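The task is simple: from the sequences and hints, build the whole structure.
Residues in the sequence shown are numbered consecutively from 1, following my numbering.
Please keep in mind that the hints were generated in silico from the structure rather than gathered at the bench.
Careful, some of the hints might be misleading.
[Stated by the list, open to error] The following label-pair restraints were derived from C-beta to C-beta distances:
id	residue 1	residue 2	range
1	72	241	55 to 61 Å
2	115	269	19 to 25 Å
3	201	33	50 to 56 Å
4	274	105	39 to 45 Å
5	159	201	15 to 21 Å
6	63	174	31 to 37 Å
7	166	26	42 to 48 Å
[To be verified] Dumping the calculated BS3-like pairs for lysine-lysine here, alpha-carbon to alpha-carbon at most 25 Å:
id	residue 1	residue 2
8	199	96
9	274	242
10	29	95
11	265	242
12	274	258
Note that the coordinates shown come from a computational prediction; the quantities given were computed from them, not determined experimentally.
Cβ coordinates follow ideal geometry from the N, Cα and C atoms, glycine included.
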Amino acid sequence: MNLKFKLLFLTAILSFFNIIAQSSIKGNKIVITQNRDVTSFTAIEVMDDVDVYLFQGSTPYLNVEADENLHESIHTKIEGSTLKIYLSNKIRSSKKLNILITVTDSLNTITAKGNSNIYADARLIVRSLVLNMYDNADATLKLDADNLAVNGFKNTDLKLDVFSINTAVNITESCELKLEGEIENLTADIKNSSVLTTKGKGKTQTITATNNGSYKGEKFIVNETTLTISSRSDVYVNTKDKININASDTAEITSFGKPEFNLIKFDGKAKLHKK
Numbered sequence: 001m002n003l004k005f006k007l008l009f010l011t012a013i014l015s016f017f018n019i020i021a022q023s024s025i026k027g028n029k030i031v032i033t034q035n036r037d038v039t040s041f042t043a044i045e046v047m048d049d050v051d052v053y054l055f056q057g058s059t060p061y062l063n064v065e066a067d068e069n070l071h072e073s074i075h076t077k078i079e080g081s082t083l084k085i086y087l088s089n090k091i092r093s094s095k096k097l098n099i100l101i102t103v104t105d106s107l108n109t110i111t112a113k114g115n116s117n118i119y120a121d122a123r124l125i126v127r128s129l130v131l132n133m134y135d136n137a138d139a140t141l142k143l144d145a146d147n148l149a150v151n152g153f154k155n156t157d158l159k160l161d162v163f164s165i166n167t168a169v170n171i172t173e174s175c176e177l178k179l180e181g182e183i184e185n186l187t188a189d190i191k192n193s194s195v196l197t198t199k200g201k202g203k204t205q206t207i208t209a210t211n212n213g214s215y216k217g218e219k220f221i222v223n224e225t226t227l228t229i230s231s232r233s234d235v236y237v238n239t240k241d242k243i244n245i246n247a248s249d250t251a252e253i254t255s256f257g258k259p260e261f262n263l264i265k266f267d268g269k270a271k272l273h274k275k
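Spelled out as structure tokens, the structure:
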């Protein structure tokens with residue numbers, strides 16, 4: 001490697017790190033709160049590494065709590081009926097980086113990406129809600145919704161305390177979901193090393209697990225269960241009346257309670273344990 005090439009290589013490396021430094025910012029640790037104007041919205045989309053706290057109210061409201069020099073990099077805007085939250089610079093460190101949002105019962109969609117965290121310590125009451133979580137986003141929420149859909153992808157972590165009539169879960173790519181509460185009808189599709197843990201009670205549950213999916217539902221008591229399990233997946237269920245089973249490959253099922261068993265399909269190296 002000649003001297004000219006070495007100098008060019010060093011210059012390129014220094015330029016690369018200079019670009020990174022210019023596009024990132026460090027908080028000055030002087031926290032201020034800024035109220036931002038916001039019109040009505042029915043959806044929230046969070047695209048970057050911020051903490052979002054949701055509260056119930058009759059009119060929408062938005063506050064930003066952050067280091068003084070970071071506010072210009074925190075963007076909150078309405079597009080159509082969606083409140084979008086994102087950063088224009090990478091924030092290396094901050095004393096506080098919180099978005100406080102008052103939502104109404106017309107909220108119907110929450111989407112979170114990029115290491116964002118969504119919290120609702122007090123129960124949110126909405127008619128129907130779709131929760132979409134991507135790319136290491138986390139959520140800890142208390143929800144009351146007639147219809148709830150939860151979609152978790154790629155290392156997301158969710159903790160939900162729920163009252164609902166119908167809850168539909170779709171999790172994949174090492175997503176972890178802990179679901180607690182009263183759910184009349186639960187439907188879950190668990191794939192690709194994802195884990196769903198439930199606690200509480202309901203009437204029916206329909207669980208599909210494949211490709212190392214895991215369902216830990218021994219503390220969720222229902223009247224009737226329907227299972228479709230395959231490809232090294234395992235489930236634990238607690239059923240009072242009847243359990244319908246489709247099991248194949250190396251599926252493993254552990255059943256609590258004393259239900260009637262209806263073996264629709266049971267082949268391969270599938271296993272059934274009765275507790």
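Here is what the structure says about each hint:
no. : hint                  : in the structure
1   : 72 x 241: 55 to 61 Å  : holds, 60 Å
2   : 115 x 269: 19 to 25 Å : violated, 39 Å
3   : 201 x 33: 50 to 56 Å  : violated, 41 Å
4   : 274 x 105: 39 to 45 Å : holds, 44 Å
5   : 159 x 201: 15 to 21 Å : holds, 18 Å
6   : 63 x 174: 31 to 37 Å  : holds, 34 Å
7   : 166 x 26: 42 to 48 Å  : holds, 46 Å
8   : 199 x 96              : violated, 33 Å
9   : 274 x 242             : holds, 13 Å
10  : 29 x 95               : holds, 5 Å
11  : 265 x 242             : holds, 15 Å
12  : 274 x 258             : holds, 9 Å
Checked against the numbered hints above, the structure breaks hints 2, 3, 8 and satisfies the rest.
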